[in-house]
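Chains as they are written, first to last, in our numbering: chain U, 1 to 199; chain F, 1 to 199.
Hints are not guaranteed to be accurate.
Simulated pairs of lysine to any residue, SDA-like, Cα-Cα distance not exceeding 25 Å [to be verified]:
{"no.": "1", "chain 1": "F", "residue 1": "K140", "chain 2": "F", "residue 2": "A118"}
{"no.": "2", "chain 1": "F", "residue 1": "K140", "chain 2": "U", "residue 2": "K191"}
{"no.": "3", "chain 1": "U", "residue 1": "K140", "chain 2": "F", "residue 2": "C182"}
{"no.": "4", "chain 1": "U", "residue 1": "K149", "chain 2": "U", "residue 2": "E96"}
{"no.": "5", "chain 1": "U", "residue 1": "K149", "chain 2": "U", "residue 2": "G116"}
{"no.": "6", "chain 1": "F", "residue 1": "K77", "chain 2": "U", "residue 2": "M27"}
{"no.": "7", "chain 1": "F", "residue 1": "K140", "chain 2": "U", "residue 2": "K149"}
{"no.": "8", "chain 1": "U", "residue 1": "K191", "chain 2": "F", "residue 2": "R189"}
{"no.": "9", "chain 1": "U", "residue 1": "K174", "chain 2": "F", "residue 2": "V198"}
{"no.": "10", "chain 1": "U", "residue 1": "K140", "chain 2": "U", "residue 2": "K174"}
{"no.": "11", "chain 1": "F", "residue 1": "K174", "chain 2": "U", "residue 2": "S50"}
{"no.": "12", "chain 1": "F", "residue 1": "K174", "chain 2": "F", "residue 2": "D147"}
{"no.": "13", "chain 1": "F", "residue 1": "K174", "chain 2": "U", "residue 2": "M27"}
Just so you know, the hints here were simulated from the structure itself, not pulled from any lab data.
2 protein chains.
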Amino acid sequence: MTNFNVLLFDEFETLDAFGPAGIIGKMQNTYNLEYYSIDGGTVLSSQHVSVNTRSVLDIDRNIRSILLIPGGMGTRKLIDDNVFISKLNELSQNSEFVLTVCTGSVLLAKTGLLQGLAATSNKRAFNWVCSNAPDVDWIKNARWVNDGKYYTSSGVTAGMDMTVGFICDIHGDKIALDVCDCVEYIWCRDKNNDPFAVQ
Amino acid sequence: MTNFNVLLFDEFETLDAFGPAGIIGKMQNTYNLEYYSIDGGTVLSSQHVSVNTRSVLDIDRNIRSILLIPGGMGTRKLIDDNVFISKLNELSQNSEFVLTVCTGSVLLAKTGLLQGLAATSNKRAFNWVCSNAPDVDWIKNARWVNDGKYYTSSGVTAGMDMTVGFICDIHGDKIALDVCDCVEYIWCRDKNNDPFAVQ
Chain U
1 MTNFNVLLFD
11 EFETLDAFGP
21 AGIIGKMQNT
31 YNLEYYSIDG
41 GTVLSSQHVS
51 VNTRSVLDID
61 RNIRSILLIP
71 GGMGTRKLID
81 DNVFISKLNE
91 LSQNSEFVLT
101 VCTGSVLLAK
111 TGLLQGLAAT
121 SNKRAFNWVC
131 SNAPDVDWIK
141 NARWVNDGKY
151 YTSSGVTAGM
161 DMTVGFICDI
171 HGDKIALDVC
181 DCVEYIWCRD
191 KNNDPFAVQ
Chain F
1 MTNFNVLLFD
11 EFETLDAFGP
21 AGIIGKMQNT
31 YNLEYYSIDG
41 GTVLSSQHVS
51 VNTRSVLDID
61 RNIRSILLIP
71 GGMGTRKLID
81 DNVFISKLNE
91 LSQNSEFVLT
101 VCTGSVLLAK
111 TGLLQGLAAT
121 SNKRAFNWVC
131 SNAPDVDWIK
141 NARWVNDGKY
151 YTSSGVTAGM
161 DMTVGFICDI
171 HGDKIALDVC
181 DCVEYIWCRD
191 KNNDPFAVQ
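Only chain U is shown next, with the shape it has when bound in the complex (with noise of 0.2 Å):
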C-alpha cells in the first residue's frame, strides 16, 4: 500500500485536490488517501469547503508516498512563506512522486526541486507562473508533463487528466481505463492537446 498525500492549504481550489483524489480513490487496494496541512486542522478551500486535515508531522516516512500539490488563491501568499516551502522541499523529497496540479506547480518550484525541469501550469495564470520562477522549463502547450518523479498540470480539471495518466504510465493502460470506467471519466490522454493553452 503507497499512501497518497494530499496537501492542502487555506484557499485552495477544491477541484484542484478533489479532482485527482476522486480517480485515485478507485485504487483503495494500492493508494490510501490522507489530506494533511502544515500545521493540520480545519482548512478552507476557495469554494468555501471546509476540510480536517492531520499535521504533515503524522506523515510516516517508513510508508511508501506519492504528494498532491494544489494550486489556487492561497499559493499566491505562500510562495514568500520560507517555512512552507521549507517544509514542502522536504516533504517533495520523501515522497516517490510527487503530482501538482495549476499553481500548485509554482510552489514546488519554489522549493528548486523543479530546476531545469520541464513542467507546466494553468494558462490563465502562465506570466505570473513563469516570472516568479524563471529556473523551470515551462511548457505552455501542455494539458500535463512528466519530468523525472515530477508531474505537473494545467489548470484545475486537467489535474485529473494527470492523474489517469500517471496511473497509466505505473500501473498501464487497463487499469488506467478501469478507474476512467468507475468514475465515468472522459479521459484526455494526450499530454500535449491543451484547448486551453492558445488563447
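Using the hints, position chain F against chain U.
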C-alpha cells in the same frame, strides 16, 4: 444571489459533490456555495475527506436556492431511511432546481418527485437504480437528463458536464464556456453522448 446548497452524507462520492461545486464556484457573483448534512457536523466521504457541514435546519428559506445531491455508497443505506427521504423531499420542493449526480438520483426518486419524469444515473449501478425506483423513466444512454426543474447525471464526472449544461441552459453559452475556460474543462456538451452506457 442564489444559494447553491450541496447536501452531504457519510460515504458520499467525493467528486460527485466537489466536481459540480468546483465548477459552480467560478460563478461566485451569482451562486453562494454552502455544504449541508441532515444533522450538521463532520461528514466523511468514501475517499476519506472529512468535511464540516451545517445542518439543513440552517438553510434560509427566504433565499432562492439550488440543491445538489451527490451519490456514493452512502446512498445504499439512505434509500431506506424515511427521515432522510422525507427531509430531502422538503428540501427539493423548496429548491428552484435540483441537481443529482450518480446514485444521488435514486435518493431523489425515493421522494416521489421524479415520478413519471425522465432521469439518469450511473451505468455500473443502473439495474439497482431501476429496481429501486421503477416509477421513473430511466434513460440509459445519457450523460445527463433535464426534466422540469430536475437535472440528473450519470456517474461521478458526468456531474461536471451536467453542471456546465445547467449553467448553459440558465445563463447561456458564453458564460458556460467562460466557466469551462476558468477551470480548463474539456466539456462534453452533448448530453446524449454517453460513452459508458453501452458497457
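Verification of the supplied hints:
{"no.": "1", "hint": "F/K140 x F/A118", "in the structure": "holds, 10 Å"}
{"no.": "2", "hint": "F/K140 x U/K191", "in the structure": "violated, 31 Å"}
{"no.": "3", "hint": "U/K140 x F/C182", "in the structure": "holds, 16 Å"}
{"no.": "4", "hint": "U/K149 x U/E96", "in the structure": "holds, 7 Å"}
{"no.": "5", "hint": "U/K149 x U/G116", "in the structure": "holds, 14 Å"}
{"no.": "6", "hint": "F/K77 x U/M27", "in the structure": "holds, 23 Å"}
{"no.": "7", "hint": "F/K140 x U/K149", "in the structure": "violated, 41 Å"}
{"no.": "8", "hint": "U/K191 x F/R189", "in the structure": "holds, 21 Å"}
{"no.": "9", "hint": "U/K174 x F/V198", "in the structure": "holds, 18 Å"}
{"no.": "10", "hint": "U/K140 x U/K174", "in the structure": "violated, 29 Å"}
{"no.": "11", "hint": "F/K174 x U/S50", "in the structure": "violated, 31 Å"}
{"no.": "12", "hint": "F/K174 x F/D147", "in the structure": "holds, 23 Å"}
{"no.": "13", "hint": "F/K174 x U/M27", "in the structure": "violated, 37 Å"}
The structure fails hints 2, 7, 10, 11, 13 (numbered hints given earlier, in ascending order).
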